[in-house]
Each structure stands twice: as C-alpha cells, then as structure tokens.
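Engineer: Protein sequence lines, in the order shown, are assigned to chains A and B. Counting from 1 along the first sequence, just add 5 to a position and that's the residue number in the numbering used here. Counting from 1 along the second sequence, just add 5 to a position and that's the residue number in the numbering used here.
Some hints could be false.
Any copy, or any two copies together, can satisfy a pair, since identical chains are not distinguished.
Stated by the list, open to error - The list that follows gives simulated cross-link-like pairs (lysine to any residue, SDA-like), each with its CA atoms no further than 25 Å apart: (1) Lys360 with Gly282; (2) Lys17 with Gln243; (3) Lys360 with Gln235; (4) Lys173 with Ile64; (5) Lys352 with Thr281; (6) Lys456 with Ala8; (7) Lys276 with Pro357; (8) Lys319 with Pro366; (9) Lys352 with Glu244; (10) Lys319 with Val97; (11) Lys360 with Glu244; (12) Lys360 with Ser239; (13) Lys319 with Glu430; (14) Lys342 with Gly317; (15) Lys83 with Gly394; (16) Lys352 with Pro366; (17) Lys319 with Pro163.
If you're looking for bench data, these hints aren't it; they were derived computationally from the structure. This structure is a prediction, so every number in the text was calculated from the model and none was measured.
2 protein chains.
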Amino acid sequence: MAAWETYLNDHKDRFVSELVEFLRIPSISSLPDHAPDVQEAAEWVETRMKSAGIESVRIIPTEGHPVVYGDWLHAPDKPTVLIYGHFDTQPVDPLELWDNPPFEPTIKGGRIYARGATDDKGNLFIPIIVTEALLKAEGTLPVNLKFLFEGQEEIGSPQLPNFIRAEKDLLACDLILSADGGQWGEDQPAVILGTRGLSPVLIEVWGPDHDLHSGTYGGTIANPIHAMTQILTSMHDQEGRVTVDGFYDDVLPLSDEERTQLNRVPFDEAKYLDETGSVSLFGEPGFTSHERAWSRPTLEINGIYGGFQGEGLKTVLPSRANAKISCRLVTDQDPIKIADRLETHVKKVTPPGVKVTVIKPENRAIPYLVPATDPGIWISASVLRDLYGKEPYYIRMGATIPVNALFFQLLGIYTVIFSFGLQDECQHSPNEFFRLSSYERGQKAYGMLLKRLGKEFRP
Amino acid sequence: MAAWETYLNDHKDRFVSELVEFLRIPSISSLPDHAPDVQEAAEWVETRMKSAGIESVRIIPTEGHPVVYGDWLHAPDKPTVLIYGHFDTQPVDPLELWDNPPFEPTIKGGRIYARGATDDKGNLFIPIIVTEALLKAEGTLPVNLKFLFEGQEEIGSPQLPNFIRAEKDLLACDLILSADGGQWGEDQPAVILGTRGLSPVLIEVWGPDHDLHSGTYGGTIANPIHAMTQILTSMHDQEGRVTVDGFYDDVLPLSDEERTQLNRVPFDEAKYLDETGSVSLFGEPGFTSHERAWSRPTLEINGIYGGFQGEGLKTVLPSRANAKISCRLVTDQDPIKIADRLETHVKKVTPPGVKVTVIKPENRAIPYLVPATDPGIWISASVLRDLYGKEPYYIRMGATIPVNALFFQLLGIYTVIFSFGLQDECQHSPNEFFRLSSYERGQKAYGMLLKRLGKEFRP
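Could you build the full structure based on these sequences and the hints that come with them?
Structural biologist: See the structure below:
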C-alpha cells in the first residue's frame with residue numbers, strides 16, 4: 006500500500022466525522038432564508054481546504070451564492086487539473102418522508118443519510134481529502150491542482166458563466182475533473198462522455214379575448230385549443246421523428262464505434278417499462294433506446310393547458326391555450342438556433358383565426374460531448390478498470406449538466422466526470438444517502454487518477 | 006281595447022308588485038341551502054295560479070326540486086295548450102358586481118333588476134296573469150290550458166324526464182308554449198325553430214405511471230400529450246370540418262328556404278369579431294356564420310390539460326393528458342351515437358405506447374327542430390307580426406335547451422318558444438333585469454296568442 010493510501014486508511018474515521026459535520030449545514034441554495042447556510046458551507050470548505058494544505062484558498066463572492074477557489078501549483082512540467090464540485094443542496098421537502106432529519110446525518114448499514122450526502126458534498130470532499138493525504142504522505146502532488154467549488158448548482162448556476170468569463174486566467178488548466186456525477190453500479194464503472202443540451206420554448210395561442218359559450222359561438226370562431234393541437238402535432242411524425250425544419254441538421258451522427266459502445270451497456274426492456282409504468286417503448290425509428298436517450302435530440306411537450314380544466318363539464322370555446330416545450334439537444338446543435346427554428350415552424354403552421362406567441366426562455370444549455378479518445382477520458386477509464394477489475398461502460402446521459410458545456414465553451418477544456426454516487430442514492434429525494442464504500446473507493450480513485458495524470462497526461 | 010286588455014291595464018301596477026314579491030324569493034336551485042327557497046317559490050306560484058282561477062293546482066314533489074302543475078280544461082273542441090316555465094334561478098356570484106342586492110328587486114328606468122327577472126320568473130308569470138285577465142274579463146278561456154312550471158331548470162332538470170314519463174297522461178296536450186327563451190330585439194321579433202343538442206366526451210391518455218425526467222427518458226417512452234394532440238388534431242381537417250367517421254351522416258340538410266330564412270337575419274361581421282375579440286371568422290366551408298352556429302354540428306375541445314402547468318419550466322415527460330370535448334348536434338343526430346363514433350375514432354387513431362380512456366358523460370341533449378310549417382309556429386309568428394308590425398326572423402339557437410327536445414321525445418309534441426326577454430338582460434350574470442315594456446308586451450302577446458290558437462289551431 007502506498008503511503009498516501011495508508012494515510013487515508015489511518016484517518017478514515019475522521020474523514021467520516023468531517024463529512025458528517027459538512028452535511029449538518031443546511032446549504033439549500035434555492036431558499037433565500039438559507040443563504041447564510043450556503044455561505045457557512047463555503048466557509049467550511051474554505052477552512053477544510055486550507056487545513057488540507059491547499060493554497061490561495063478564498064471565498065469569491067458573486068451576485069448570488071459564492072464560489073470557493075484554491076490551488077496548489079508546485080509541479081512544474083506537469084499538467085494543471087481543475088476540480089469542480091458544488092456545496093449547495095436541494096430543498097428537503099417532503100420532510101415527512103425522511104426517516105431521519107435531513108440535516109442530522111445518520112450512519113446505518115454502511116450508508117450515510119443526509120441531504121447532500123451523494124449530491125454533492127460527499128463527492129466534493131473526496132478530492133480535498135486525497136490532496137491532504139498526498140501532501141502529508143509525499144509532501145507534494147503529482148499534478149498542479151486548482152479547485153472550483155460553487156454554491157449555486159442546484160439553482161442552475163446563474164452567476165457562474167460570468168464568473169468563469171471574468172476569471173479565465175485564474176481557472177486556466179489542462180483538464181477538468183467534475184466531482185458531480187456518478188457511477189453505473191457497485192460492480193460496474195462507467196465513463197460519461199456526454200450530456201444533452203436544452204432549449205425550451207413556450208407557445209401561447211390566443212383565440213377570442215374571453216371564453217365564449219360553445220353553443221352560441223361554436224363553429225364560427227377558431228378554437229385556440231384546436232389550433233394548438235394542430236401546431237403541436239405538426240412537430241412529430243407518427244413514428245416520433247421531429248419534423249421541425251432543420252431540427253436534425255447539426256446533429257453529429259454516431260460512429261459505428263460509438264454505437265457499439267452505447268449498446269454494449271445492457272438494456273432491460275421489461276425492467277425499464279416496469280420502472281416507468283409504460284405499456285411499450287416508443288421513439289425515433291432506427292435507434293435503440295440507449296441511442297435515443299443519449300445521442301438523439303428530442304422535442305417533448307412538458308405541459309399543456311387551456312379552457313376548462315375542473316371537474317365535470319363546462320362548454321366553453323376557450324380564449325387561450327398554452328404549451329411548454331423543451332428540446333434536449335446533442336452535439337453540435339445550438340440551443341438558440343433550435344429555438345428559432347421552432348419559432349419559425351410554429352409561425353408557419355399556425356392556422357387562421359388565432360394569434361400565436363412564441364417565448365424563448367433563456368434557461369438554455371449547450372450539449373456536451375467529449376471524445377472517447379481524449380486523454381483525460383482514457384486515463385480515467387484505466388483507473389476505473391483497475392479499481393473495479395472491469396472495462397467501464399462508455400455512456401452518455403440524457404439529462405443536462407450545463408457546467409461541463411460551459412467549461413468547454415468558456416475555457417476550451419473538456420471535463421471528465423469522475424464521481425462515485427450511484428443512481429439509487431435518492432439525489433433530490435427524501436432519504437438521500439452516500440455509500441461509505443463509495444466514499445472510500447472515490448478517495449482511492451482520485452489518488453490513482455492524479456498519480457496517473459501526472460505520469461501520462463500530456464495536454 | 007278588448008276587456009282582457011283593459012283588465013291587464015287596470016291591474017298593471019299590481020302585476021309589477023307581485024313580480025317584485027316573486028323575485029324576492031332566492032330560489033337558487035344549485036345551492037342545497039336554498040332548497041327551502043325553491044320550495045317557497047313553488048308555493049308562491051301555486052298560490053298565485055289558484056288566485057288567477059287556474060284549477061287542479063298542486064305542487065308535485067320529485068326526488069329533487071318540485072314542479073307545479075295546474076290546468077283549466079273547460080273549452081271543449083278547443084286545443085289543449087301546455088305552458089312551460091321555471092321558477093328557480095342561477096346563483097348570484099360575483100355578488101360585488103351587483104348594483105343592488107340580487108333578491109331586493111329594484112325598478113329603475115323602466116327595468117326591474119333582480120336575479121331571475123328575465124330568466125325566468127318575469128316570463129313565467131306572464132301566462133298566469135293573462136289567464137287571470139281572460140277569466141276575469143270573459144269568464145272563460147279560448148283554449149284548454151295546462152301549466153307545468155319546474156324548479157330545476159338551472160341545474161339541467163335532472164328529475165324532469167322521469168316526471169314527464171310518469172305523468173304522460175296528465176301532461177297530454179296539442180301544443181306546448183315555452184315561457185323560457187327570448188326575442189331578437191326591442192323592435193324585432195323572432196321565432197326560434199331549433200336548438201342544438203349536446204354530446205360530451207372526455208378523453209384521458211395515460212403514458213408512464215408517474216411524471217418522468219424528460220432528459221433521462223425523453224425519446225424512449227411515448228409522451229401522452231403528444232398522443233393527445235394527435236388524437237385531437239385528427240378530429241378536424243384544416244378548414245374546420247369534423248373528420249370523425251359518420252359525424253355528419255344523420256344531419257338533416259338545410260332546405261333552400263331554410264337557408265334563405267336564416268340568412269335574412271343580419272350578421273354584422275365587424276361587430277361579431279369585436280364582441281368576441283377574435284381576429285377572423287373561422288368554420289366549416291360552404292356555410293355562413295348563422296348556418297354554422299345554428300344548423301351545423303360542431304366538435305369543440307372545451308379544455309385540455311397535462312404535464313406541468315405552473316410558472317416557468319419543469320422538464321417532465323408527463324404521465325397523463327386530459328381533454329374535454331363537447332359536440333353540439335343538429336337534427337337528426339343522436340347524442341349517444343355521436344359519442345360512440347367519437348370513441349371509435351379515438352381508439353382508432355390512438356398511437357402506440359399509450360393507453361386511452363374515453364368517458365361518455367350522461368349530460369347529453371337531443372337536438373330540437375320544429376318545422377316552420379307547424380301551425381303553432383305560424384300562429385305565434387302572426388301574433389309577433391301584428392305586435393311588432395314586422396315580419397319576425399326565423400332563427401335557431403346554437404345553444405342547447407334540453408326541455409324542448411325532451412317534450413318532443415316523451416310527449417311527441419312540438420314546443421313553441423314564446424318569451425320576451427332580450428339578449429342584453431344579463432341572464433346568469435350580475436344586474437339581471439327585465440324590461441317592464443317587455444313584461445307588458447308579453448302579457449298582450451300571450452292574450453293574443455291564446456285567442457288566436459283557440460280560433461286557428463287545429464292539431
């Protein structure tokens with residue numbers, strides 16, 4: 006066992022106690038009352054980074070919740086690695102579904118239960134611990150390190166883009182590791198190569214300026230719900246392909262190798278249908294479910310409403326109909342261009358007799374994809390292979406993690422998601438937990454990865 | 006001036022005071038707390054009918070609000086006319102928009118303001134007054150009369166069909182006059198030949214059994230809103246024709262004469278658009294707006310909802326989508342058959358990946374159409390012509406009045422709508438009123454009509 010591993014082992018219990026301390030802080034970023042707690046979490050991280058031997062540690066305020074920065078830059082000719090994580094948490098409701106209070110961490114059966122345990126305090130703390138272990142055991146680090154921890158991830162990081170733009174030099178690096186993400190299973194590692202982008206569009210169709218009697222007026226005036234259903238139906242063909250002009254134009258097609266990689270990941274159709282309560286799979290022809298969810302863009306209507314929605318009947322010819330749409334995007338689709346194309350489509354297909362408004366909210370996200378050939382990827386994959394004794398899956402996520410694309414867009418640097426939570430750990434839900442085995446494995450993994458990056462990574 | 010007219014004139018003020026008394030009773034049929042008031046209104050009508058000289062007067066209980074029956078059957082060889090009206094009212098809210106309390110009748114500028122003034126207490130009271138006038142002035146009536154006044158019209162007359170079925174013999178007659186309806190304008194009479202029927206259908210589309218993350222699952226599972234919009238869009242063509250198989254099969258086409266009649270009624274497009282706040286007219290090609298609203302069936306989506314409907318965005322793949330539909334029907338369409346055809350259509354067009362439920366609520370109504378050649382119609386038309394000095398319009402209503410079709414279905418007798426409210430009198434709204442000029446004109450009209458029916462009506 007290397008000295009740094011021995012160090013980790015010797016201080017194992019303290020690292021758990023410290024995590025408990027960290028988890029006690031109710032740093033819920035979405036609730037204004039908890040802003041002081043988010044600040045307290047930032048201070049906790051700041052103090053702990055200092056005691057680990059990290060330098061230049063400081064809290065940097067933004068117009069919202071703060072970020073914490075620190076670095077250790079004494080490895081000349083070695084790559085500089087930026088490590089990202091977040092110390093804010095989701096709210097806790099519904100509180101009554103928690104077995105223990107969400108900010109009174111409870112250890113049971115090898116798991117630590119608390120809000121933020123797996124998302125993302127446990128994972129964020131791992132690289133700090135490993136830095137301490139390496140510095141204490143070896144007096145040096147195998148790479149230059151920068152740390153960027155934020156307190157606003159759970160509210161969409163509103164001030165982060167401006168912060169990154171302003172601090173480009175401070176954040177300059179060769180590779181980014183994200184401690185926010187997860188692994189496939191207890192026995193199966195995975196490398197996440199991509200996340201989908203997001204482009205939301207809201208549609209309002211305006212008919213008469215007030216609800217009308219459907220008997221008196223029905224048949225003479227356009228019904229905005231009819232118009233809305235026509236508009237929405239025109240966006241897909243019968244088989245589920247998006248028919249908005251140019252929607253797929255910029256999609257980078259899957260290579261044969263990528264297809265093979267994605268479909269190496271087992272897909273249990275019966276289990277999938279059972280989990281979702283769906284009667285059958287459905288989606289764009291010519292693609293498997295993994296390919297559809299991970300590598301193809303979608304256009305989903307997230308909500309629709311118009312006219313009378315109460316119990317029973319009310320025979321109105323309604324004044325208005327609304328729909329909320331979001332597109333999940335893949336490389337190289339541009340969220341603004343897609344929203345514009347949707348708007349053009351809506352205007353083109355809107356039937357006579359109604360007015361239409363298309364709103365393009367700014368909470369967009371760029372799709373993110375790192376090539377499997379990226380050195381950060383294959384080095385992290387080799388660590389996972391050694392650690393689990395298994396070839397990792399090369400997967401993507403259907404969901405959106407804006408920060409990875411943001412780093413690539415603003416710093417020109419790929420992010421390797423290197424994190425050890427598992428899907429079943431109730432992120433964002435009651436009884437969130439983190440496995441202590443994952444906590445320890447993560448520490449070992451980060452140590453191995455930093456070592457290997459120091460030896461093998463040539464930017 | 007005939008003796009009965011002199012009588013009406015001599016007792017004019019008393020008839021207004023009595024109407025005020027009648028309007029004081031808050032007989033709101035939809036509110037259980039007001040059930041005793043509905044009963045009190047029935048008793049008021051009972052007493053007043055007796056004092057008018059009407060015989061066999063009695064309150065007949067139903068499982069809901071009661072009906073009041075009475076008759077005068079001493080005109081051998083003369084037709085028997087049943088007069089219909091209702092003594093219940095709509096609720097009063099929003100109360101704050103009333104200038105005077107809704108059950109404290111106020112006379113101002115030749116109008117009597119109160120809930121129920123025009124709909125339908127003022128109109129119901131007219132034939133009672135006229136019967137009194139004829140009996141007092143002439144000691145006899147020109148026809149046999151039966152009176153059927155109900156206390157549940159404003160809640161859809163739930164017990165009336167069973168009552169009529171059970172009392173067929175009691176209600177047997179040659180012609181029905183309905184005191185529930187209205188006239189075209191102060192200077193323009195109208196004969197209402199038809200009302201549309203109603204067939205409601207509710208659709209529920211079921212996708213996954215809970216809302217899913219649209220990133221994780223989007224593209225692999227059918228979205229029930231997409232399915233719903235497909236289903237709904239398939240029910241009309243681009244121009245507004247209903248495309249449900251067999252929808253128009255039983256529609257009795259307009260004759261050339263009927264078309265001419267309907268289109269003799271002026272239609273002011275600019276005013277219509279201004280009143281409704283619509284950008285343009287829209288509807289089934291080949292028909293005018295009057296024809297569309299009065300003589301053609303429609304299928305309107307009255308409401309739709311599914312997925313996230315709050316402020317902003319929530320990127321769900323929703324579990325469910327709902328739509329509320331009602332079809333307005335014309336002779337000879339059958340509401341049950343139409344609902345069945347809609348159900349068949351929905352099942353046929355439902356795309357894969359979702360389940361669908363079609364609910365066919367029982368609040369259906371049969372369309373009603375009386376031929377313009379019916380003697381009741383042309384006799385009433387001739388009265389209106391004499392009274393207004395103008396040829397009446399021959400119109401239909403786009404709305405539904407179930408009782409007329411019910412009488413035709415159960416008693417085989419046509420109803421002549423003979424009533425004197427005007428469109429602007431705020432039925433169902435705050436500040437409902439009835440013009441005292443209409444009240445007097447109605448009395449004269451009923452007197453003339455009964456006289457003329459006695460002379461000219463041969464069943």
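Engineer: Take the hints in turn and mark each one as holding or not.
Structural biologist: Hints and how they fare:
| no. | hint | verdict |
| --- | --- | --- |
| 1 | Lys360 with Gly282 | between (37 Å within a copy, 11 Å between copies) |
| 2 | Lys17 with Gln243 | neither (57 Å within a copy, 70 Å between copies) |
| 3 | Lys360 with Gln235 | both (14 Å within a copy, 21 Å between copies) |
| 4 | Lys173 with Ile64 | within (17 Å within a copy, 88 Å between copies) |
| 5 | Lys352 with Thr281 | between (35 Å within a copy, 23 Å between copies) |
| 6 | Lys456 with Ala8 | within (13 Å within a copy, 117 Å between copies) |
| 7 | Lys276 with Pro357 | between (46 Å within a copy, 19 Å between copies) |
| 8 | Lys319 with Pro366 | between (33 Å within a copy, 12 Å between copies) |
| 9 | Lys352 with Glu244 | both (23 Å within a copy, 17 Å between copies) |
| 10 | Lys319 with Val97 | between (39 Å within a copy, 18 Å between copies) |
| 11 | Lys360 with Glu244 | between (29 Å within a copy, 16 Å between copies) |
| 12 | Lys360 with Ser239 | both (17 Å within a copy, 21 Å between copies) |
| 13 | Lys319 with Glu430 | between (45 Å within a copy, 22 Å between copies) |
| 14 | Lys342 with Gly317 | between (42 Å within a copy, 21 Å between copies) |
| 15 | Lys83 with Gly394 | neither (28 Å within a copy, 104 Å between copies) |
| 16 | Lys352 with Pro366 | within (17 Å within a copy, 36 Å between copies) |
| 17 | Lys319 with Pro163 | between (42 Å within a copy, 17 Å between copies) |
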